[in-house]
Amino acid sequence: MQLANKAAVTGVGDTDYTRDAGGRSALSLQLEAALNAISDAGIRPQDIDGIVMPSPSSPVVAEELVTNLGIPDLRFSTGTPLGGAGPVAALQCAAAAVAAGICSHVLLSLGRTGRTGQKIGARIQQMPQFRIVGEFEAPSGALAPAQYYAPMARRHMEMFGTTSRQLAEIAVTTRQHAILNGNARMTTPLTVEDHQASRMIADPLRLYDCSLESDGAAAVIVSAADRACDLRQPRILLAGMAEGHPDSPSAITQRGDMTRLGLAKAAPRAFAMAGVTPADIDVAEIYDCFTYIVLCQLEDLGFCGKGEGGAFVEGGALGLHGRLPVNTHGGLLSQAHIAGMNHVVELVRQLRGEAGRAQVPDAEVGLVTGYGDLGDGTLAIMTRG
Amino acid sequence: MSQTTPSKPLPDPSPETRPYWDGLAEGRLMLQRCADCGSLRHYPQPMCAACNSMATNWVEASGEATVHSWTVAYHPFHAAFRAELPYVLVTADLPEGVRLLAQLRDATAEALRPGLKLRIGFEANEAGLTLPVLRLTGA
Numbered sequence: 001m002q003l004a005n006k007a008a009v010t011g012v013g014d015t016d017y018t019r020d021a022g023g024r025s026a027l028s029l030q031l032e033a034a035l036n037a038i039s040d041a042g043i044r045p046q047d048i049d050g051i052v053m054p055s056p057s058s059p060v061v062a063e064e065l066v067t068n069l070g071i072p073d074l075r076f077s078t079g080t081p082l083g084g085a086g087p088v089a090a091l092q093c094a095a096a097a098v099a100a101g102i103c104s105h106v107l108l109s110l111g112r113t114g115r116t117g118q119k120i121g122a123r124i125q126q127m128p129q130f131r132i133v134g135e136f137e138a139p140s141g142a143l144a145p146a147q148y149y150a151p152m153a154r155r156h157m158e159m160f161g162t163t164s165r166q167l168a169e170i171a172v173t174t175r176q177h178a179i180l181n182g183n184a185r186m187t188t189p190l191t192v193e194d195h196q197a198s199r200m201i202a203d204p205l206r207l208y209d210c211s212l213e214s215d216g217a218a219a220v221i222v223s224a225a226d227r228a229c230d231l232r233q234p235r236i237l238l239a240g241m242a243e244g245h246p247d248s249p250s251a252i253t254q255r256g257d258m259t260r261l262g263l264a265k266a267a268p269r270a271f272a273m274a275g276v277t278p279a280d281i282d283v284a285e286i287y288d289c290f291t292y293i294v295l296c297q298l299e300d301l302g303f304c305g306k307g308e309g310g311a312f313v314e315g316g317a318l319g320l321h322g323r324l325p326v327n328t329h330g331g332l333l334s335q336a337h338i339a340g341m342n343h344v345v346e347l348v349r350q351l352r353g354e355a356g357r358a359q360v361p362d363a364e365v366g367l368v369t370g371y372g373d374l375g376d377g378t379l380a381i382m383t384r385g
Numbered sequence: 001m002s003q004t005t006p007s008k009p010l011p012d013p014s015p016e017t018r019p020y021w022d023g024l025a026e027g028r029l030m031l032q033r034c035a036d037c038g039s040l041r042h043y044p045q046p047m048c049a050a051c052n053s054m055a056t057n058w059v060e061a062s063g064e065a066t067v068h069s070w071t072v073a074y075h076p077f078h079a080a081f082r083a084e085l086p087y088v089l090v091t092a093d094l095p096e097g098v099r100l101l102a103q104l105r106d107a108t109a110e111a112l113r114p115g116l117k118l119r120i121g122f123e124a125n126e127a128g129l130t131l132p133v134l135r136l137t138g139a
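Protein chains in written order, with UniProt numbering: chain A, 1 to 385; chain B, 1 to 139.
Keep in mind that the hints were calculated from the coordinates and are not lab data.
Note that beta-carbon positions come from the ideal geometry of N, C-alpha and C, so glycine has one too.
Any given hint might turn out to be false.
Have a look at the derived ranges for each label pair, beta carbon to beta carbon [to be verified]:
(1) B:Q45 to A:I102: 53 to 61 Å
(2) B:S62 to A:E64: 52 to 60 Å
(3) A:Q126 to B:T108: 47 to 55 Å
(4) B:P95 to A:R323: 12 to 20 Å
(5) B:T108 to A:E314: 28 to 36 Å
(6) A:G23 to B:D12: 30 to 38 Å
Beyond 12 Å from chain A on every Cβ pair, some chain B residues (computed) [what the hints assert, rightly or not]:
(7) R28
(8) C37
(9) H75
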């Protein structure tokens, strides 16, 4: 069975993205986003018969969604525990479930109180994916994602001459998009000089290379493509999907080539499934926990060669009128850190023509990626169908 | 909530990883070598990924290393490390074919370049845990 175009995204929803959700629970935020997505699709909560939780270690479990939404006959429930690669992995998982006829309308739900709840440095110490680095690296003082990922960026700089100012280009362009969005946490303009003056977090990553901690939720409905035709929204077909796992998935330190992510393995599979090439992509929502991770993924996706990412992002290339509009919502860097579920929502809005002031004209083919834990990669290519 | 400074993270060794930590306590960096196919591996794990044997020997590393990459920690992600900031974490290639992550001693990051020679040393922290550290050989 070929999965291409067997499933479609039929609904998207989100909450306000804030610094502080005023004490609301992650469950409350997720329910609001889920209802918005269900309403957007033009279905009823009772029509949901599948749930994929992209972050199953989050405080919310599928049963709570069933209980609150009043879902009478859930036929498929699972999770995709790939950290920030989870939401896009969940798209593939849901597509496979509806293509196989297990269920018809799958809810993907992610939301958290990342700002007012537990901070990332404390969260990851409890995650099984980080057990190896927790035993062998944390005692020496490598404790947080910024510290685990920074050596990848430094190696890239030493091997290819990539500069901090090139990383700044990504932060600056992403901020420009957030300012246009209307539901973004960071709305003041940012310059390369602001980036260069920002404090160092984990060299070479400065403050403005790092994503936000945010409160909020986003949700997506994936439906069987044939069931999507008569719903409220134009269907957005899932044309190509893949996940890829890096060498040495538990420790970046032991990875032969630490400038190559799991996405490098996934990308050729997804492009082949969709029958398109990087040159066909009109808009790309690239997981941006850190600026460097965007640059590395652009290479691993094939938009440029390995080592050419620094030059690729220069000169506003990732802007709305650049060669490849990227993170048109403001991303994790400037909209909110909703673990990339906000990237999925934004791509769907772009392909529907609903992206407001940040709309890429005539966007017909788009791409969204996820990046999680210590290098897991996922991508989905979507088309207006 | 308590305002006392939390202690540094300590490993919770499994039977498979305990020889590594016991070795460090004696000032020796021990690496696993597959008893069947001879492949060296690190970090410690029960199975050889090359031949799937679980028969394992331990061998002492030569103590030599070279710079592969690094970061400098500035932000206090963990209160127990705040007093040491900034500290340099070096990813080092060992001639045995595996890598080591350890703090740099007696130099700053400005001195680092990929391929520079390092020497592995050992230091006990305030919790009594012995960890590897790295120094440039100056050669």
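Just pull the numbers of the violated hints for me, sorted ascending. 1, 3, 4 and 9
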